[in-house]
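A.B. asks: Chain residues, written in single-letter form:
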Amino acid sequence: MEELKNIAPHLNQLLKKDAFTAPEGYFEDLPSRIQDCVIAQTKTKSRTFSPVWTFSTLGVASVLCVLFFLRKSPEEITSITKQEATTYINENLEQEFDETLLADELITSDNKTLTSEENLEEYILNQDIDEQLLREEI
Amino acid sequence: MATYSDKELLEMLRTDQSSYAFNLLVRKYQNKIYAHVRRIVIDHDDANDVIQNIFIKVWKGLEKFNEDSELYTWIYRISVNESLTFLKKKRTKFFIPIHNIEKEMSDKIDAGEHFSGDEIERKLQKALLTLPEKQRIVFNLRYYDEMPYEEMSRVLGTSVGALKASYHIAAKKIEENLLRH
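In order, the protein sequence lines correspond to chains A and B.
At position 120 of the first sequence the residue is numbered 120 (the working numbering), and the sequence of numbers has no breaks.
At position 151 of the second sequence the residue is numbered 151 (the working numbering), and the sequence of numbers has no breaks.
If you're looking for bench data, these hints aren't it; they were derived computationally from the structure.
Predicted, not measured: the structure shown is a model, and the values here were computed from it.
Treat each hint with caution, since some may be false.
Distance condition first, Cα-Cα at most 20 Å in a straight line; then the derived PhoX-like pairs of lysine-lysine [what the hints assert, rightly or not]:
| no. | chain 1 | residue 1 | chain 2 | residue 2 |
| --- | --- | --- | --- | --- |
| 1 | A | Lys16 | B | Lys126 |
| 2 | B | Lys108 | A | Lys17 |
| 3 | A | Lys16 | B | Lys123 |
| 4 | B | Lys60 | A | Lys43 |
Assemble the whole structure, with the sequences as input and the hints as a guide.
C.D. replies: Shown next, in the form of C-alpha cells:
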C-alpha cells in the first residue's frame, strides 16, 4: 500500500493476513443460531414502562392512603361518655334495644365494682330508670 | 447458493420471504463482520456474542432502514457500535472502572486460541491493543478491510481528514512498536 510505504515501511512489508480464526463449522450454523435468537427475542414481550398506568396507580394509592389516615380510629368511636350513650338510647327507644348488651357493657366497663350480678342489680337500682321503658317491658 | 445484491436482499426482506432473505444476508456478511469484530474484541466467544447482537439489531432495524446509506455501511456501523459497547461494559464489569481489558486481550493473543498468526502477527495484534479503541478500529478498517476513507467516514461518522490523520498516527505508532520489540 503506497500510503503505508512512507509512514510505516516495516509494517508495509508484512504479509497481510487475518490471523483470527473461527472454530470449524462455526459459519455453517451461525445463521440458524441467529435466526433462533431473533425468534426468541420476538416472542419475548418485554414489559415497557407505561407512564399512564404508573401514574394512575400512584394516584389511586395516594387516595387510599389519605382515606386510611382520615378515617376515625377505634378509640374515637368508643370514646363516648355514658351520658352520650344514654342520650342516644333515649332518642332511639323505638328501635329494639338489647338489654343484655347493656348489661355486658356495664360489667366490662371501667366501673370495676360491677363484677357480680348483685353489684349489677344494685347498680341498676341506683340509676334513673325510665319507668315508661319498664312498663313496656312488663 | 445464489448470491444476491443488497438491493435484491432489501426487496426480499420486505416480502413474506423475509426470514429466508435475512438468512441470506447473514451468510453474505457473517465472515467479514466476524473478522471485523474479532479484531476488536479478540476473544472468539466474545465475538460470537457481539455478532449475534449485531444481527439481531440489524433484523430489528430493517423496518426503519431508509436506505440513506448502503446496507453494508449500515451493518458495519452497527458492528462498530456494538463492539465498542461490549468493550465498555467489559471495562466496567462489577462496577469497577479499572478493569484492564487490554491486558486480558493481550493474554488471549498469547494463549493462541483460534489464532493462526505467527510471531510477527502476534506482535502486531498486541501493538494494536496499545492504540485507543477508535484509532484501532480506523486502522483495522483501512489496513485489513482496505475500506476507502469516504466509506469509513459514513461508517464512523467522522470526517475523511480526521480519519486519514488517525490512520497515519496509528501506523506510525505500530511501526515504532514493532521496531522496538
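A.B. asks: All hints are to be evaluated individually against the structure, with a verdict given for each.
C.D. replies: The hints, checked one at a time:
Simply put, Lys16 (chain A) and Lys126 (chain B) have alpha-carbon atoms about 15 Å apart, close enough for the 20 Å limit, and the pair holds. With a C-alpha separation of about 18 Å, the suggested pairing of Lys108 (chain B) with Lys17 (chain A) holds against the 20 Å cut-off. Among the hinted pairs, Lys16 (chain A) with Lys123 (chain B) is consistent with the structure: their alpha-carbon atoms are about 13 Å apart, no more than 20 Å. For a cut-off of 20 Å, the pair hint linking Lys60 (chain B) to Lys43 (chain A) stands: about 13 Å separates their Cα positions.
Consistency with the previously given hints is maintained throughout, with no hint failing.
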